[in-house]
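Please model the entire structure based on the sequences and the hints provided.
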Amino acid sequence: MKISISLAAALACVAGIAAAEPVAPAEVQYDEYGAVAQSLTGVAGDPANGKVIMGTKSKGNCVSCHAAAGLAEFPFHGEVGPVLDGVGDRWNEAEMRGIVANAKMTYEGTIMPAFYKTEGYIRPGDAYTGKAPTEPLGPLLSAQDIEDVVAFLLTLKE
Amino acid sequence: MTKLNKSKALIAMGLAVSSFALASVAGAEGHGAAPLVINGDIEIVTNTAAPAHMENISTIQSGWEFRTPDTQDLQRDDFDNPGMLGVDDARETWATVEGSEGKSCASCHGEPETLAGVKAVYPKWNEDAGEVRTIEMQINACRTENMGAEAYGYSDGAMTDMSALISSVSRGLPVNVAIDGPAQATWEQGKELYYTRTGQLELSCANCHEDNYDNLIRADHLSQGQINGFPVYRLNNAKLNSVHDRFKGCVRDTRAETYKPGSPEFVALELYVASRGNGLSVEGPSVRN
Numbered sequence: 001m002k003i004s005i006s007l008a009a010a011l012a013c014v015a016g017i018a019a020a021e022p023v024a025p026a027e028v029q030y031d032e033y034g035a036v037a038q039s040l041t042g043v044a045g046d047p048a049n050g051k052v053i054m055g056t057k058s059k060g061n062c063v064s065c066h067a068a069a070g071l072a073e074f075p076f077h078g079e080v081g082p083v084l085d086g087v088g089d090r091w092n093e094a095e096m097r098g099i100v101a102n103a104k105m106t107y108e109g110t111i112m113p114a115f116y117k118t119e120g121y122i123r124p125g126d127a128y129t130g131k132a133p134t135e136p137l138g139p140l141l142s143a144q145d146i147e148d149v150v151a152f153l154l155t156l157k158e
Numbered sequence: 001m002t003k004l005n006k007s008k009a010l011i012a013m014g015l016a017v018s019s020f021a022l023a024s025v026a027g028a029e030g031h032g033a034a035p036l037v038i039n040g041d042i043e044i045v046t047n048t049a050a051p052a053h054m055e056n057i058s059t060i061q062s063g064w065e066f067r068t069p070d071t072q073d074l075q076r077d078d079f080d081n082p083g084m085l086g087v088d089d090a091r092e093t094w095a096t097v098e099g100s101e102g103k104s105c106a107s108c109h110g111e112p113e114t115l116a117g118v119k120a121v122y123p124k125w126n127e128d129a130g131e132v133r134t135i136e137m138q139i140n141a142c143r144t145e146n147m148g149a150e151a152y153g154y155s156d157g158a159m160t161d162m163s164a165l166i167s168s169v170s171r172g173l174p175v176n177v178a179i180d181g182p183a184q185a186t187w188e189q190g191k192e193l194y195y196t197r198t199g200q201l202e203l204s205c206a207n208c209h210e211d212n213y214d215n216l217i218r219a220d221h222l223s224q225g226q227i228n229g230f231p232v233y234r235l236n237n238a239k240l241n242s243v244h245d246r247f248k249g250c251v252r253d254t255r256a257e258t259y260k261p262g263s264p265e266f267v268a269l270e271l272y273v274a275s276r277g278n279g280l281s282v283e284g285p286s287v288r289n
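Top line first, the protein sequences correspond to chains V and D. Numbering-wise, the first sequence is residues 1 to 158 according to full-length UniProt numbering. Numbering-wise, the second sequence is residues 1 to 289 according to full-length UniProt numbering.
In short, the hints are calculated from the structure, not lab data. Check each hint, because a few of them may be wrong.
Calculated lysine-lysine pairs in the BS3-like style (CA-CA distance at most 25 Å, straight line) [what the hints assert, rightly or not]: (1) D:Lys260 / D:Lys191; (2) V:Lys157 / V:Lys59; (3) D:Lys191 / D:Lys124; (4) V:Lys131 / D:Lys248; (5) D:Lys248 / D:Lys103; (6) V:Lys117 / V:Lys59; (7) V:Lys57 / V:Lys131; (8) V:Lys131 / D:Lys124; (9) D:Lys239 / V:Lys131; (10) D:Lys248 / D:Lys260; (11) V:Lys131 / D:Lys260; (12) V:Lys59 / D:Lys248; (13) D:Lys239 / D:Lys191; (14) V:Lys131 / V:Lys117; (15) V:Lys57 / V:Lys117; (16) D:Lys248 / D:Lys124; (17) D:Lys248 / V:Lys57; (18) D:Lys239 / D:Lys260.
Only a predicted model underlies this, so the values are computations on that prediction, with no experimental measurement involved.
Below you can see the structure in the form of structure tokens.
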């Protein structure tokens, strides 16, 4: 009995270290150019998952505005934003994190949505229902989603 | 608006203009196909100089210009236009007696054709009611006040059919809604709404329909979001759609809480959006995807 309790405690402790609290949307530190130096989770991003997030309509849906050869497996690339080929050469990790978390800090007034933000909206709805939300809004992407997307974008080199 | 967005708008404009010029030579998809003439008779102006009040667009274009040739062709003949079925239904309703006064629309208005020109100037200030009225509001006012009949739901099928009938008899006439005088305050409110970035995606009507028309967003070829073609028969949902239903869908897609069809906000937005089409022809019922 004693052993199993302390084992559970030890396990919980390990888990606690691995999944350190992600940086909350309101706590993200942007520098004056909109870059975010610190990882939002402390866990390295998974580029394969980042790619799926970018191509999936119910997740990042980035392809609705951006085309990229590296995302060719997903249909319907839009033309509203720039083509992302070679974007990994244009921005470093901190800059990329800033763009994905809240592009408005890099490009003032940009049409690109802020993916890691929960406040400051006009008439926010409950996702795509058209109705008022009944619970506090979460960000469009989770902290780890952002890290995964950033990791994928950094692989898009010419 | 930021410099970036302005220059984007200018680029989009340049693109629209140049692809247009190209199209008139090459007949490229969606642009500059043979001009729209309905039933070999009603000439439709699908692009023209923007009205003076518009600041960021120089040529206004009907949504028809952004559709594929197949979809465009459905509007050339009323026998091919599925929206005309709703118009036929409404012609029957027009002559049907309803309500406590024992009257039909025809009792007072005669043939629907007597309302030619009406759609072109709506939404319009109504002096007696002291409000800006859409065609739908006017239909309900006639039903409740003149016929003693029940009001239609704002976006009901029967309402949208009647609105399509009233639009159809004005086809080819230039949209010319008044934005000054007593309508001005409502128009200003509509303009404010048009440029407000709503929802969790923080997008305004202008972000898509002014800064990015002629661009693809996902699989959709963005138009200028004009309403001269309403009610619109959409191939996607196989029915006639009211202006306010379309507004609702677009607001919902910004992950926002929408306004209701018939709400003061959507009436104001309709007046403003209609005024962005001043000079295009009334085209409804039109066909879109």
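Now the hints, each set against the structure:
Taken as a hint, the D:Lys260 and D:Lys191 pair is honoured in the structure, with Cα atoms around 18 Å apart against an allowance of 25 Å. With a C-alpha separation of about 24 Å, the suggested pairing of V:Lys157 with V:Lys59 holds against the 25 Å cut-off. For the hint pairing D:Lys191 with D:Lys124, the CA-to-CA distance comes to about 16 Å; that is within 25 Å, so the pair holds. With a C-alpha separation of about 11 Å, the suggested pair V:Lys131 and D:Lys248 falls inside the 25 Å cut-off, and the hint holds.
Of the pairs offered as hints, the one joining D:Lys248 and D:Lys103 is violated, with about 34 Å between alpha carbons and a cut-off of 25 Å exceeded. About 15 Å separates the Cα atoms of V:Lys117 and V:Lys59, which keeps this hinted pair within 25 Å; it holds. Among the hinted pairs, V:Lys57 with V:Lys131 is consistent with the structure: their alpha-carbon atoms are about 20 Å apart, no more than 25 Å. For the hint linking V:Lys131 to D:Lys124, the alpha-carbon distance of about 30 Å lies beyond 25 Å, and the restraint is violated.
Straight-line distance between C-alpha atoms of D:Lys239 and V:Lys131 comes to about 24 Å, which keeps the hinted pair within the 25 Å bound. Between D:Lys248 and D:Lys260 the alpha-carbon distance is near 7 Å, which keeps this suggested pair within the 25 Å criterion. For the hint pairing V:Lys131 with D:Lys260, the CA-to-CA distance comes to about 10 Å; that is within 25 Å, so the pair holds. Between the alpha carbons of V:Lys59 and D:Lys248 the distance comes to roughly 22 Å, so the proposed pair stays at or under 25 Å and holds.
A threshold of 25 Å between alpha carbons decides the hint, and for D:Lys239 with D:Lys191 the separation of about 29 Å lies outside it, so the pair is violated. For the hint linking V:Lys131 to V:Lys117, the alpha-carbon distance of about 19 Å falls within 25 Å, and the restraint holds. A hinted pair counts as satisfied when its Cα atoms are at most 25 Å apart, and V:Lys57 with V:Lys117 qualifies at roughly 19 Å. The suggested pairing of D:Lys248 with D:Lys124 holds, with an alpha-carbon distance near 21 Å, which does not exceed 25 Å.
Proximity of D:Lys248 to V:Lys57 is assessed by CA-CA distance (about 20 Å); at most 25 Å being required, the pair is judged to hold. Of the pairs offered as hints, the one joining D:Lys239 and D:Lys260 holds, with about 19 Å between alpha carbons and a cut-off of 25 Å not exceeded.
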